[in-house]
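2 protein chains.
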Amino acid sequence: MSKCFNIAVLGATGAVGRQMIECLEEYKIPVGKLSLLASARSAGQTLTFNGKPVVVEEATEKSFEGMNFVLGAVSNAMSKAFAPAIVKAGAVFIDNSSAFRQDPDCPLVVPEINGEDAFKNKGIISNPNCSTIITLMAVAAINKVSPIKNMIASTYQAVSGAGQGGLVELETELDDIHNGKKPQPKVFPHQIAMNVIPFIGSMSEADYTTEEMKMQNEGRKILHLPNLTVSCTCVRVPVMRSHSISVVLRTERKVSVEEARKAISVFPGCRLADDMDGRNYPTPLDTSNQDIVYVGRIREDLTDPNGLNLWCCGDQIRKGAAANAVQILKLMIEK
Amino acid sequence: MSKCFNIAVLGATGAVGRQMIECLEEYKIPVGKLSLLASARSAGQTLTFNGKPVVVEEATEKSFEGMNFVLGAVSNAMSKAFAPAIVKAGAVFIDNSSAFRQDPDCPLVVPEINGEDAFKNKGIISNPNCSTIITLMAVAAINKVSPIKNMIASTYQAVSGAGQGGLVELETELDDIHNGKKPQPKVFPHQIAMNVIPFIGSMSEADYTTEEMKMQNEGRKILHLPNLTVSCTCVRVPVMRSHSISVVLRTERKVSVEEARKAISVFPGCRLADDMDGRNYPTPLDTSNQDIVYVGRIREDLTDPNGLNLWCCGDQIRKGAAANAVQILKLMIEK
Numbered sequence: 002m003s004k005c006f007n008i009a010v011l012g013a014t015g016a017v018g019r020q021m022i023e024c025l026e027e028y029k030i031p032v033g034k035l036s037l038l039a040s041a042r043s044a045g046q047t048l049t050f051n052g053k054p055v056v057v058e059e060a061t062e063k064s065f066e067g068m069n070f071v072l073g074a075v076s077n078a079m080s081k082a083f084a085p086a087i088v089k090a091g092a093v094f095i096d097n098s099s100a101f102r103q104d105p106d107c108p109l110v111v112p113e114i115n116g117e118d119a120f121k122n123k124g125i126i127s128n129p130n131c132s133t134i135i136t137l138m139a140v141a142a143i144n145k146v147s148p149i150k151n152m153i154a155s156t157y158q159a160v161s162g163a164g165q166g167g168l169v170e171l172e173t174e175l176d177d178i179h180n181g182k183k184p185q186p187k188v189f190p191h192q193i194a195m196n197v198i199p200f201i202g203s204m205s206e207a208d209y210t211t212e213e214m215k216m217q218n219e220g221r222k223i224l225h226l227p228n229l230t231v232s233c234t235c236v237r238v239p240v241m242r243s244h245s246i247s248v249v250l251r252t253e254r255k256v257s258v259e260e261a262r263k264a265i266s267v268f269p270g271c272r273l274a275d276d277m278d279g280r281n282y283p284t285p286l287d288t289s290n291q292d293i294v295y296v297g298r299i300r301e302d303l304t305d306p307n308g309l310n311l312w313c314c315g316d317q318i319r320k321g322a323a324a325n326a327v328q329i330l331k332l333m334i335e336k
Numbered sequence: 002m003s004k005c006f007n008i009a010v011l012g013a014t015g016a017v018g019r020q021m022i023e024c025l026e027e028y029k030i031p032v033g034k035l036s037l038l039a040s041a042r043s044a045g046q047t048l049t050f051n052g053k054p055v056v057v058e059e060a061t062e063k064s065f066e067g068m069n070f071v072l073g074a075v076s077n078a079m080s081k082a083f084a085p086a087i088v089k090a091g092a093v094f095i096d097n098s099s100a101f102r103q104d105p106d107c108p109l110v111v112p113e114i115n116g117e118d119a120f121k122n123k124g125i126i127s128n129p130n131c132s133t134i135i136t137l138m139a140v141a142a143i144n145k146v147s148p149i150k151n152m153i154a155s156t157y158q159a160v161s162g163a164g165q166g167g168l169v170e171l172e173t174e175l176d177d178i179h180n181g182k183k184p185q186p187k188v189f190p191h192q193i194a195m196n197v198i199p200f201i202g203s204m205s206e207a208d209y210t211t212e213e214m215k216m217q218n219e220g221r222k223i224l225h226l227p228n229l230t231v232s233c234t235c236v237r238v239p240v241m242r243s244h245s246i247s248v249v250l251r252t253e254r255k256v257s258v259e260e261a262r263k264a265i266s267v268f269p270g271c272r273l274a275d276d277m278d279g280r281n282y283p284t285p286l287d288t289s290n291q292d293i294v295y296v297g298r299i300r301e302d303l304t305d306p307n308g309l310n311l312w313c314c315g316d317q318i319r320k321g322a323a324a325n326a327v328q329i330l331k332l333m334i335e336k
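Those protein sequences? They're chains L and H, same order as listed. For the first sequence, the numbering used here assigns the number 2 to the initial residue and increments by one for each residue that follows. For the second sequence, the numbering used here assigns the number 2 to the initial residue and increments by one for each residue that follows.
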């Protein structure tokens, strides 16, 4: 007889929350009670779990009593507001917001990379930034061959990173263009259809955005590389679900292209797609709606003998958010 | 009384050829006879120059007699085939193909950067690769402050880089998606609508594509930096006309962000758009249909004290091809 776990999804009606519910099914998590929680505005909606209807309830401080795990897919402010009640109820909060990611008491976890960190939690485990998860999945295998000293990353980020509203905005703008109407951006600062926007997040230090600094700050914590430096440029592209990242990384000793390919091909959760003659390289469309990070275009960096270039793609809503959170949960219950 | 020049446009019916004709008008080039030349298939079409119809003729070896300049917008093979007849006719061939770009007898020219090289021609002047022109326009001012040692570049290239067929393919695919039909890529190796493709050109050395190697090889010649190294990743994005490039460059001595901004803001053909609080940064949509290269997102490279990050956008058909060629022509006739 296997044990069941009471699980709440906080922010169940958003793009990431809905995907978390699907991932709980797909990963065959033994769920006892499932509570789907959202703001008062979304309460009363009916979602489906394992074929059965579940009514969404308004999240309150009392919602977490009796829960073993809470999967969070809400804003930083909401995560901070509910975290004390979740911890007090004795549940483990696996939080997709960035509220606790730099808190030394809160592990920041990608299960394939630093799963062991999850067990040092004091009630809160943070799910990393989406681009950071996908990039680190691609480079973690190389980091095992020789530690990474620094990275240059340019992202090609899907609209799903802005949630359901981002997905709707791209589709609405494409409809508008088709109908000869001028798109009216609401979610993004500029038209995203047939455009790209080099601004994600808000302004942070030294002219970088908050989104750009996450790659360095979260990368240091996840890879256990406190001196890692990362120059990141985050760019929104008119793609629905999968993020792509062009990465140059420099390792302590030279890692050959063949060593890198071999390491990536055996790394759990990663797949090598690096055969240009066979037109096999990752694209966001080909890597959507699944949990593997695809890596290709591995080349020597022509500017540094210890450098490698690569290109990776992974589904933002899944491995970049919901699936990674459910994988953390699975790791916790299987231990 | 000002002198007039007889000018032929070879490949007049393509996206770049048509733009060359418009640029001849806009730059008020004193044109005597204008010959619009194309393949037998396109001959007979009527185009317009300065409000008057001009019938497209089939290009033959005799088409260039009496011409002062020939603007070329055809394939490498066609450029090579016609170059001897053009030179024999005594015309200067300003060629947009890559056929002669690495020929030591053929200058490779961006007028604002190395205009003086144009006068060393022996009958052929090459127009550089589109991404290379736009990237170098953004960094040339910084190169004057301190020489560039190396660059990392990730491109976001518009579909116009594949000519008229690329423009039509993106629009057709978006229509197909709107109508619930599965897009059938012909020009690009994968669906480009709502996708990005990390493969442009054909395979070259060390797993780089021909398109990627142009940034280094043409950059060396244009900037007069024979030891420049460039690691480039070229990516097609679903944007119509303007290329964007995320660049990290390392200079011999440290150039501050403020020095770089100041140098770029006074460089001819460049405009600084670098005010994040004012939402002023370059996007491909905002920089289409004009000849200036816009530069923003200038930041210190967090991985190298002598490094700078920047983001630039410029119209591929104009400054990346047709306008640059007409600017070379203008330079030649004004000297």
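Some clues are possibly wrong.
Treat identical chains as interchangeable: a pair holds within one or across any two.
What the hints assert, rightly or not - Below 20 Å or equal to it, Euclidean Cα-Cα: the simulated EDC-like pairs (lysine to aspartate or glutamate) are:
hint	residue 1	residue 2
1	182	287
2	182	172
3	53	260
4	4	302
5	150	301
6	123	104
7	255	208
8	183	287
9	187	118
10	263	301
11	263	208
12	187	278
13	187	287
14	187	104
15	145	302
16	331	260
17	183	172
18	81	206
19	255	117
20	81	104
21	255	106
22	29	335
23	150	302
24	34	259
Keep in mind the hints are simulated off the structure, nothing from the lab.
Ascending list of hint numbers which this structure does not respect: 3, 4, 9, 14, 16, 18, 19, 21, 24
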